[in-house]
Structure formats: structure tokens, C-alpha cells
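Residue numbers (the working numbering), protein chains in the order written: chain A, 1 to 309; chain B, 1001 to 1280; chain C, 2001 to 2405.
Treat the hints as calculated values from the structure; they're not laboratory data.
Treat the hints with care, as some may be off.
[What the hints assert, rightly or not] The list that follows gives simulated cross-link-like pairs (lysine to aspartate or glutamate, DMTMM-like), each with its CA atoms no further than 20 Å apart:
| no. | chain 1 | residue 1 | chain 2 | residue 2 |
| --- | --- | --- | --- | --- |
| 1 | C | K2028 | C | E2069 |
| 2 | C | K2223 | B | E1003 |
| 3 | C | K2226 | B | D1122 |
| 4 | C | K2198 | C | D2188 |
| 5 | C | K2077 | B | E1211 |
| 6 | C | K2276 | B | E1003 |
| 7 | C | K2136 | C | D2390 |
| 8 | C | K2136 | C | E2170 |
| 9 | C | K2329 | C | E2069 |
| 10 | C | K2067 | C | D2041 |
| 11 | C | K2174 | C | E2191 |
| 12 | C | K2223 | B | E1256 |
| 13 | C | K2403 | C | E2170 |
| 14 | C | K2028 | C | E2092 |
| 15 | C | K2226 | C | E2195 |
| 16 | C | K2077 | C | D2055 |
| 17 | C | K2031 | C | D2055 |
| 18 | C | K2198 | C | E2208 |
| 19 | C | K2117 | A | D8 |
| 20 | C | K2077 | A | E275 |
| 21 | C | K2031 | A | D28 |
| 22 | C | K2157 | C | D2390 |
| 23 | A | K305 | A | D28 |
| 24 | C | K2403 | C | D2390 |
| 25 | C | K2031 | C | E2056 |
| 26 | C | K2226 | B | E1256 |
| 27 | C | K2031 | C | D2326 |
| 28 | C | K2093 | A | D28 |
| 29 | C | K2117 | C | E2135 |
| 30 | C | K2117 | C | D2390 |
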Amino acid sequence: MRFFNRTDSVVSLAALALLAAVPLLTSDNYVLGILITAICYAIWAGSWDLLSGLTGRENFGHSLFIGAGAYAAAYLNTAYGIDLGWGIVVAPLVSGTLGALIGLPTLRLQGPYFALATLVASAIAHTLCLLLWRVTGGEEGLSGILPMAGSQSDYYYLVLTIGFVSIAAMKLFALSDAGLVLRAIGSDEAICRAAAIDVDAYKITTFAFSAAFAGLGGALFAGYQLTAAPDLLSSGLSITIVVMAYVGGMGTIYGPAVAALFLALIVEYLRGFGEYRLLVYGLILLVVVRLTRHGFVDPFWRWLKGRLA
Amino acid sequence: MAEILLYGAASSASYALMAVGFTLVFGVARVLNLAHGAFYACGAYAMYGFCAAFGAAPAIAVLAAIAVLAAVGAIVNRFFVEPLRARPMAVLMSTLALSIVAEQTLLITFGSQSRNIPLILDGPVSLLGVRIGAQGLLLIAVAIVVIGALWLFLHKAKLGKAIYATSQDPVGAQLVGIRTSTVFAVVFAVSAAMAALSAAIVGPMQTVSPEMGLMPMIKAFSVVIVGGLGSIGGSIAAALLLGYSETIVSYLVSTEWAQIVSLVAVFVTLVVRPSGLFGK
Amino acid sequence: MQKTRIKLAIGVFAALSSSVALAQTSDKPVKIGIATAIQLDRGKDTVSAAQMAADEINAAGGLAGRKIELVVADEGKTTNEGVGAINKLISEKVDVVVGGYNSGITLAQLPHLSRAKTIYLGVGASAPAIQDMVEKNYAAYKYIFRVNPLSSIDISKSIGDFIVGKVYGERGFKKVAIVAENAKWARDMIEPAAEIAKAAGVEIVFEEYFDPATPDFAPLFSKVAKSGAQYMIPMLAATPSDLFVKQWYDMAVPVEMGGVDTGSLDADFFQRIGGKSLSETAINYITRAPLTAKTIPWWDEFVSRFGREPQFTAPGAYDAVHVYADAVKRAGSFASDAVVSALENTRHTGVRGTITFDKRHDLVAGPGLVNALWIQWQEGGRRVVIWPKDLATGPMISAPWLKKP
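Build out the structure end to end from the sequences listed, making use of the hints.
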């Protein structure tokens, strides 16, 4: 089993320390709020990469799992008064189960078909959320979630810790033998089957984990926003995450996570551009796609490490 | 039930026009063009521009919009698809980024408010005892003529046959001297032109707004998957299937459930028979 | 004698220090935060109208001698952007937040506003759930007020009233159809209205919900016509009104219509769809009519200054800024708790009517206060108030294809 190499570990811990120091420098809820949102995006992008980056099966409906986790936690809290802490524990179980269920019929699809199937699955989920308004609150969503005990800074530390541990765990998985098998499946599934590898079991299990982490992030996000709204199930969110993973470098886990962190911060920073915000975002994306081969973050980091050595 | 017959036909016609262009690009150039919705929206706004700025008659504005979008299609292929051909994911991202930029540009230029483009044929008409807008009948007629013409082109005309050959085997086509780059440009141009045509005829009966391309594109996806990626015959069959299913559900159940029909149809197709009705 | 002198000294000291405190802050501007969807016209008008009010107050010497400054934050279309907007405004230390349009986003913003004890004057969202929070937890949510529009409950009563008084009472239509987008707000609004109508003997012969993304309403209109309904009440917010109304006109559906149609509130609606909204009636909160003495002069000034007619959020935003300024003056302080108490006692005549709040801090509807207006598009794009009777500016017309020769 491979572990992280030294430079990666040191830099990761340094980044963690930096993020942990933020609440000591400011108690501004706005700043903490942006960072919490960015960390959630990092969890979502990293979890997306766990399946789609390693096996090359692009999931265009990741928001389904995010929304499922968020709504699970929100529903337990608003309908049954169950503390958010439990919601955060239950959410990944719900999403993970959904991941396995949806993976069963869809993971055997090739090429663009898997992408379209997942896109449609999340569109169906979004529509059902609006149709079943009695349970989900319809277009208004479930609001009035009772926050966890403690201040915004305390919650920030919780999110930061869970985020860091999750991404580290996913990276460990990617580096492990199981991760290698998944990459092999991504390259040539037929040969893997011929080598008596239970390809389906690997894919479905990984999809379940990918979905579970996404749901965990969703519940954390709902706990910050104190609302679960249908826009967490939108195809816009799914596509945003795919873009972040692409910019980060698919298959590296940390690349998408870091890219997500930065892109979430950049979009918030672009508030200054007023109504031009999304246009600038689209142009940046166009440039990155045109000029880079394997995304931006991962190649950049490798280059940097090469220079430092 | 003459009503279901006519209303369903109108729905199917608009879906068919969007889907055929999309499946053409996939079948021939192997590109999942996420900017197809942007072609649709830009087509409608182009027509709006010609009517509002130059006071053009609706029919002329439609032709002008088609011409403009055909050029746009070729340009998109040349600068945003061709250079990235080796990496399908990059092409997908590129078309996606383009659609974001297009929608935002339309939003900033024209504002979020809906616009209106004029009908070529105004007024209700009574056919088979059914009250239907005259433009709806025009849509059905245009769809039949245009798709029919496209089919003839692909099977009889020299360039058309070259396109058809490329879709079967790109390498083989090149070996017999077909310029695939020209083929791809033409296919993108035709696809964009058909999207613009659809928008120009359907738009007056609906509305023109910057995000108007999203739903038609998702419908086009649904039709193309159910029909089979790359099959024009499949797209036509699936367009009829989905268009009529929605109309029938609207009548017999409720308009509330009509839109989910195509989504469910897609999911079922992918799970049961991913290659669709007539796919390879 | 000693004690009195001490008391006097303390009194003088207190007066001096509070005026010093006010004076020390007098060069700092009063920051009014505007949270709205700035890409939409409704958002732009919220900002413009608030600016108008701020300019008026500043020209008259400011608020307690301080200039008013607007800080705008984009709510966007998602709860995430909305919550971010509120947190941004709070971090910029605004004194009050004015804005809102989407009930879902507003609901998500409330806990964040409450935590920061920032006063919020809503100008666009109508969900009762927003003001329910004030009742459920006064201490935490007392900062939340709704200045515009009327809550769904009042709108619902108005719909029932319109059906009974106008549709049935004056036009004699006993059979009514209700067609609504399948949204929670619509379902909440229809129930009480239907009860009122049924109690007066009106028959609801058809009721159906539809997906806002529906591209073709021909099947629905056909079913409505076949049901024998004589009048149709649509409920539209997310549905593109242009599409719905154009199709209704083009098909010459033999059923007149009027109801909640948010898209038709745009001033250029009639003209941009080629006049096809002729005879459509919709509930509105403002029009160029003498609702109060201020209405018409305000309307004309808005048009001349911004070159477009105001959307329904505009009068709300304008009135909200004045209501806030008025409350601060009466409270003699900018402290949230003091201003909240003063706001509760508001009785301000703005451009839509006289604004007062109930114990849920919700706008109160009624004669002499603020009313929902039923406005019909008539020839040439004129908007005529046809209901309530005491505010009507003209008679109701029929759909052009249904006029008896």
C-alpha cells in the first residue's frame, strides 16, 4: 500500500494549518461562510473524482447525491427535530445507498451513455423534489434547520476537519491497490474481466463511496446554510463540479479538491464584477480548456515540485 | 381525438428539428455538442435582431437567422472543436464553456426580460374541427420538408454521401479522398442552421429569453438517446414517440406529469436498450 | 439639594455624551444594504427606487445628519448566492437590509439576518412562512418586516373576493377553472380562495396543475374549454407569461382569464407580445393611478429618471427606505432594538397606500391601507383598475374574440 510522498504530506498539512488559523484572524461570518462553502465544493469535487476520475466514467448527475444528503439531514431536523450532528452521520448512508442503487443499472453503460444516464437521473430527482412538495417543501425547500451548538467558528472547524479527513481518505484509496484496479478498469475493462476481476463490484462499491462522500458534503452544507433547497439537485451544480474536477486534473483527487476550493473562492470574489460575473467565469473556463491538456492544478503542482527538488 | 393528433404532431415536429441536428453532429463528428442549446437561443435572438433593427419581414428574418447560425456553426467547429478533437472530454468542456459564454452575453446584451419574435402565420385555424394556431401547422410542414430534404441530401447528393460515408468510417472516408474537415464543418453548420430554424418558428409561439436553449437541448438529448445516437431515422421515430406521449399524458392525466415523461423514457432506454431504437 | 445637583449633572452629562455619540458618527454614512437579483429587471428596479428615496432624504439633509449610502449585493438565483449576499452585507456593517424577491431564498437568509440582529425590510417575497418566523420566535426574528407585497394569505382573500364580487357578481360567471403551476406557493394560495368562492355558490369545474417548463398549453386550454368553465384563473410565477398568454390568444380560447400572473406585471408586457394580453386581468400592487397623493408624481419621476416604468418591487423599495428613515427618527437611535420598536408603530403613507404592520410584522391589507389591485390590459395597452370597486378606474372588457357583435 502506497502512502503519500513527503512533499505532498508537508504541503497538505501546511495548507490545513493555514485554513485552521483563519478563525483566529477574523470572526467575520462572511469569510467563514465562503470558506465553508468552498470546502464543501472540495469534498464534492474530490468525491466525484473518486469514481469518474479513476474509471473515466464521467458522472453528470453528482448533484443527486449531494441533494439527497442535504435533504436527508434537513428533513430529519425539521420534521423530527433530530440534531444536525446525527443528520451528518445519516446523510452519507442515504446517499451511498442511492449510489449503489443507481449504479446497478447504469455502470455497465459505455462512453457518453453513462454521462447522459446520470444527468437524466438527477433531472428526474430534481423534478420529483418539486412534485413531492408536501415532503420536500417544493420550490421553497426545507428551511429553519436548527444549527448545531456552538459558534460559526466551531462549525467551521468541524467542516474543515471532516473535509480534510475525507479527501485524505479518498486519496489513500486512490493510491491503494483498489485504486490501481479502478484505473485498470478505466483503461481496458475487458482485460480486467478476463483476469477474473469482479469489475462490477469494484465500480458499484466505488460509486457508493463517491455518492456517500457527496452526501456528507451536502449535509455539512445544509448545516451551514440552514436550508436544503432544490437548487442543490440542479444539473447546474453537477456541471460546475465536473468543470472543477477537469480544471483540477481528473484522477488525482487532490487536484479537483484544490481546484474546487479556489474556483468557489474566485466565483465569490467575482461578485465585484456584478452582472458580468458568470461571463467572466465562462471565459476563464474556455481559456483553461483551450490551453491545458490535463487540467491546471495537477500539472502545475507537479511542475512546482520538480522545480523545488 | 383529432386534437391529440394535431397537437402531438406540432410537439414532435419541434423536437425532431432539434434532435436531428444534434444526432447528425454526434453521428458524423462524434461530438456531444453541449452548445446546441446556444445555437437555438442565438438563432431566436438573431431573428429578433433582424426584425427589431432592420424591420425585416418575419420570413426574411428567419432565412437570415438560419444563414447567420450556419456560419456560427462552422466557426464553432473550426475554433472550438477541431483543435481539441483528440480529447473528447476537452471538446465537451469547450462546448459547455461556449454555451455559458453565449447565454451570459445574450443576458447582458438583451437583458433578462422576454422578447417576442413575430409569427410568419398569425391567427387561429380550424382543421379537422380542431382549433390550432396557423404557425403550428407551418411548423409541421417545415419539419417534414426540411428533414425530408436532409435525408435526400445525405443519400443522393455527392457531399451528402461523403458525409454519410464519414459517419460510417472516418478513416475509410479519408482514404478515398473525402476531406473530413470540410465534412465536419458542413455538419456543424447544418446542425446549427436547423436549431436556428426550429427557434425561429417555435420561438414566436413561446418566448425568447437568454436561457431558452436549455429545455429544447435536454429534449433533444432525450429524443436522440431514445432514438439511438447517430441515427436520423431513430431521431424522427423517437421525436414522434415522445411528442405524442407528452400530449397524451397531458390530456389523459395532467399537464403536471407531461414533462417527466421524456426523462423517464430516457432512463428506461439507457437501462434496457442503451443503443436506442435504431442505434448502432 | 446635593442629590438634585448630582442628578442634574448626570442628566447633562448623559445628554452631552449621547449627542457627542451621534455627532461622532455623523460623518459616517448610513449604509442601506440591498439584496436582490441584479440581473433581473425586478432587481434593478429595487436598486433604482431605493436610490431615489435615498437621494430625496440626502437632499433634505440626510438621516439624523448622516448621508445614506446604498450597498448592493447580488442574491442571484440560488439559496447559496442569497445567503452569501446577506453575509457580505453584514460584513460590510450595513444598518438595514432591503430587498428580496424569491421566497425560498428569503427564507434561507432569515437565520443569518437574525444571528446578526440586522433589520430586514422585504420588498418582493410573499410567502407567509417568512413572517411566521416572527410569531414562532419573536426574540430571534423580530428584525424581519415585510413592506411589500401583500402576503399570500391576503392575496388569496383578494382572489376569492374578486371571483365572488366581479367574476360571479358582476359578470355572472358561475363556473370557474383554476390552472396553476405546480408550485407550493400556488397551492397555498388557491385553497383559501377556492373556499371563499365555493361558499358564495361559485363552482370550480376544473382545476389542474402544470409544469412551469411546459412548452405547449394547447391540451390544457382545450380541456378548460371543454369543462364548461366561463372564466379561468391562472397562477403563474416561474412559467413564462409571454408563452402562456400568447398561446391563449392565438388559440382564441373561449374562456376569459385573470389571476396571478407575475410576468404580466411588466410595463411593456402588452406591447412586447404584440398586444396579445388584451383583456387579461392580473393582480398587481401599483399602477399609474391615484392610490395615494404621492403615487402619480412618484411614478412620473421614476419614468423620467430611469426611462422605464417601475416593476412591482420598486414602490416597495422606495417606501421601505422612507419607512426605515421615519422609524429611526422616531426611535432617536440607530440601535436595532429601538428601531424595531419604532417600526412596529409605523403608520406611513407611501406610494401604494398607508403602511402598517401586524404583530407578525406583516404588511396589513385593507381599505385605506394597502390593497391588491386587479388590473386589466385594455385597448392600446392601457392598464385599467377594475377591482376593488372603490379603486376602479374603468369597466371590465371582454376578450376580443368573445365580444358579442
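Can you name, in rising order, the numbers of the hints this structure does not satisfy? Hints 3, 6, 7, 8, 10, 15, 16, 19, 23, 24 and 30 are the ones this structure does not satisfy, whereas the remaining hints hold.
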